[in-house]
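Novice: For reference, the chains in residue letters:
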Amino acid sequence: MAEPLLRTEGLRRQFGGLAAVKSVSLECHLGRVHAVIGPNGAGKTTLINLLSGELAPSAGTIEILGRDAAGLAAHQISQLGVGRSFQRTNIFMSFTAFENCRLAAQSRLPSSMRFVRPALAYRQVNDAALRALEACELLERKDVAAAALSHGERRQLEVAMTLATEPKILLLDEPLAGMGAEESARMVELLRKLAPGHAMLLVEHDMDAVFALADTLTVMVDGSVLASGTPAEVRANDEVQTAYLGAADD
Amino acid sequence: MGRPLQILLVIGLIALAAFPLVGEKFYLQFVTKVMIMAIFAISLDLLVGHTGLVSLGHALPFGVAAYALMLLTPEYQAAGFWTSLAVSVGVAGLASAIVGALVLRTSGIYFIMVTLAFGQMAYYYVHDSKHLGGSDGKYIYVRPALELFGWQPFDLEKPAHFYYLALALLVLVYAGMRVLLAAPFGRAIAGIKENEHRMRMLGFATFRYKLACFVLAGMLAGLTGWLTAAHDGLVNPEMLSWHQSGQLLMMVILGGMGTPAGPILGAAALKALELVFQGWTKHWQLVLGLFIVLSVLFVPRGLAQLFEWRRRRG
Numbered sequence: 692m693a694e695p696l697l698r699t700e701g702l703r704r705q706f707g708g709l710a711a712v713k714s715v716s717l718e719c720h721l722g723r724v725h726a727v728i729g730p731n732g733a734g735k736t737t738l739i740n741l742l743s744g745e746l747a748p749s750a751g752t753i754e755i756l757g758r759d760a761a762g763l764a765a766h767q768i769s770q771l772g773v774g775r776s777f778q779r780t781n782i783f784m785s786f787t788a789f790e791n792c793r794l795a796a797q798s799r800l801p802s803s804m805r806f807v808r809p810a811l812a813y814r815q816v817n818d819a820a821l822r823a824l825e826a827c828e829l830l831e832r833k834d835v836a837a838a839a840l841s842h843g844e845r846r847q848l849e850v851a852m853t854l855a856t857e858p859k860i861l862l863l864d865e866p867l868a869g870m871g872a873e874e875s876a877r878m879v880e881l882l883r884k885l886a887p888g889h890a891m892l893l894v895e896h897d898m899d900a901v902f903a904l905a906d907t908l909t910v911m912v913d914g915s916v917l918a919s920g921t922p923a924e925v926r927a928n929d930e931v932q933t934a935y936l937g938a939a940d941d
Numbered sequence: 002m003g004r005p006l007q008i009l010l011v012i013g014l015i016a017l018a019a020f021p022l023v024g025e026k027f028y029l030q031f032v033t034k035v036m037i038m039a040i041f042a043i044s045l046d047l048l049v050g051h052t053g054l055v056s057l058g059h060a061l062p063f064g065v066a067a068y069a070l071m072l073l074t075p076e077y078q079a080a081g082f083w084t085s086l087a088v089s090v091g092v093a094g095l096a097s098a099i100v101g102a103l104v105l106r107t108s109g110i111y112f113i114m115v116t117l118a119f120g121q122m123a124y125y126y127v128h129d130s131k132h133l134g135g136s137d138g139k140y141i142y143v144r145p146a147l148e149l150f151g152w153q154p155f156d157l158e159k160p161a162h163f164y165y166l167a168l169a170l171l172v173l174v175y176a177g178m179r180v181l182l183a184a185p186f187g188r189a190i191a192g193i194k195e196n197e198h199r200m201r202m203l204g205f206a207t208f209r210y211k212l213a214c215f216v217l218a219g220m221l222a223g224l225t226g227w228l229t230a231a232h233d234g235l236v237n238p239e240m241l242s243w244h245q246s247g248q249l250l251m252m253v254i255l256g257g258m259g260t261p262a263g264p265i266l267g268a269a270a271l272k273a274l275e276l277v278f279q280g281w282t283k284h285w286q287l288v289l290g291l292f293i294v295l296s297v298l299f300v301p302r303g304l305a306q307l308f309e310w311r312r313r314r315g
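Chains as they are written, first to last, in the working numbering: chain U, 692 to 941; chain G, 2 to 315.
Calculated from the structure, these hints are not laboratory results. A virtual CB, placed ideally from N, CA and C, is assigned to each residue, including glycine. Keep in mind that a hint or two might mislead.
Claimed, not checked - Under 7 Å between C-beta atoms, here's a sample of chain G residues computed to sit facing chain U:
| # | residue |
| --- | --- |
| 1 | G109 |
| 2 | A146 |
| 3 | A176 |
| 4 | L182 |
| 5 | A189 |
| 6 | G192 |
| 7 | L203 |
To be verified - A partial selection of chain G residues facing chain U, derived with a Cβ cut-off under 8 Å:
| # | residue |
| --- | --- |
| 8 | E197 |
| 9 | R201 |
| 10 | A206 |
| 11 | G290 |
| 12 | F292 |
With these hints in hand, go ahead and build the complete structure from the sequences.
Specialist: Structure follows, in structure tokens:
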């Protein structure tokens with residue numbers, strides 16, 4: 692198999708006496724969806740925070756596109772080609788949907804220390820923003836302020852902004868959080884469309900979505916990897932059955 | 002920007018341009034000071050209204066530039082116009098870069114406190130330095146002079162000439178600010194004000210943009226410090242005091258934070274009211290305070306809000 696775009700080895704993060712993530716090793720490959728599941732408090736969001744540079748690892752390695760990325764700042768990791776979406780919608784509420792994506796795309800200019808030419812005159816930035824909006828089916832709503840969008844549309848915008856930075860690696864933290872059935876189905880469809888061009892790490896509680904999308908499945912419990920493999924392998928794993936899937940009546 | 006405000010600005014500009022033809026010297030100098038304060042307020046609004054950095058130490062670059070002009074002016078001789086202007090603005094920028102590199106590591110209430118602390122440090126340093134004139138300050142007997150090969154395009158000793166210099170700079174700074182805010186840099190600081198965390202996650206090195214903003218605002222404040230020292234012909238430690246920073250912040254809030262014309266309206270309103278109330282009573286500060294309380298209650302987004310009828314009805 693080709694080199695992974697993202698690889699971690701023995702990743703660990705300690706908060707005082709508590710290890711939120713203990714020795715996690717995983718890989719993400721181009722065109723494949725790697726889903727991470729686990730009960731609340733298993734360390735999934737901490738894992739994403741480590742991978743996106745929001746937290747520095749206490750131990751272990753992070754390799755992004757073959758480069759050592761452990762300890763890099765969040766903006767540096769983003770510039771390596773990593774896009775991250777948030778579990779709790781994290782957008783620019785007073786800006787229009789277009790401006791949210793345009794600003795995201797602007798981050799790919801070599802520098803934003805540009806003081807004279809109007810931001811709207813940068814064609815390639817506008818085009819990247821429009822492509823991201825189109826991919827997330829928000830083109831018709833582009834001139835609406837983010838604060839006036841519905842919850843589902845804001846979740847779509849969250850992903851659209853991530854796409855506007857044209858990342859190679861996508862870290863998606865519960866993209867379906869709080870969505871209704873119809874919105875969820877649309878988002879799953881969108882993620883399926885995005886999968887071929889990206890290496891995707893998907894943290895998600897919605898098991899139907901996970902099994903519909905994942906090529907690889909990692910189960911985390913208490914900060915550790917309990918099992919990892921194809922969805923079928925993981926489903927058949929006894930430990931997972933008792934620890935997680937079996938107990939999940941939801 | 003609403004159309005009424007645009008019309009008001011054009012009318013205001015024509016009135017300002019024509020004023021020296023009719024105005025007495027006292028009012029000419031008064032309006033000159035207001036225009037300088039307006040530029041100063043615009044520079045603070047770049048931090049407060051556009052980047053979300055509430056500074057209570059903006060008097061520092063202002064005062065530093067003023068003192069730089071004093072030090073550059075030989076006794077009874079004029080300082081060079083361009084040299085003194087460049088040095089004043091330069092040291093204001095340098096001071097802002099040093100202060101900014103430290104204070105921008107904090108945010109919110111801590112940012113306010115640390116900017117205040119640096120401002121007061123500079124104030125007490127100047128206040129207690131004999132060679133800088135101590136608490137009395139020092140006079141600048143001759144204003145900077147501009148000469149191009151023996152020809153003098155304008156003479157700052159003439160109130161009308163100084164007036165037009167201030168007006169030209171105000172127009173230039175206002176227009177420059179509009180260009181800046183529409184450019185990628187302006188959009189980046191708007192994003193930082195709205196959600197700095199997300200900006201970082203999108204790949205922006207936000208500290209760099211905040212520092213650039215802090216230095217730029219400091220250099221503009223330096224320009225107004227140079228203008229004020231040249232205009233008033235004296236410098237004193239009060240130029241660096243937190244009263245100065247506080248009054249400026251009041252102008253920005255009164256006029257409307259983050260609106261293009263707000264700081265200009267705020268500076269004009271506060272200075273004009275000061276003048277009017279001073280004529281009425283010696284307790285003018287009480288009346289002015291009352292006015293500010295009322296305006297914050299009834300026009301919370303500032304005087305610029307009064308001209309935004311389109312947005313209010315839309």
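Novice: Determine for every hint whether it applies to the structure shown.
Specialist: For each hint, the structure was consulted:
no., hint, in the structure
1, G109, "19 Å, violated"
2, A146, "31 Å, violated"
3, A176, "12 Å, violated"
4, L182, "9 Å, violated"
5, A189, "4 Å, holds"
6, G192, "5 Å, holds"
7, L203, "5 Å, holds"
8, E197, "11 Å, violated"
9, R201, "5 Å, holds"
10, A206, "5 Å, holds"
11, G290, "31 Å, violated"
12, F292, "30 Å, violated"
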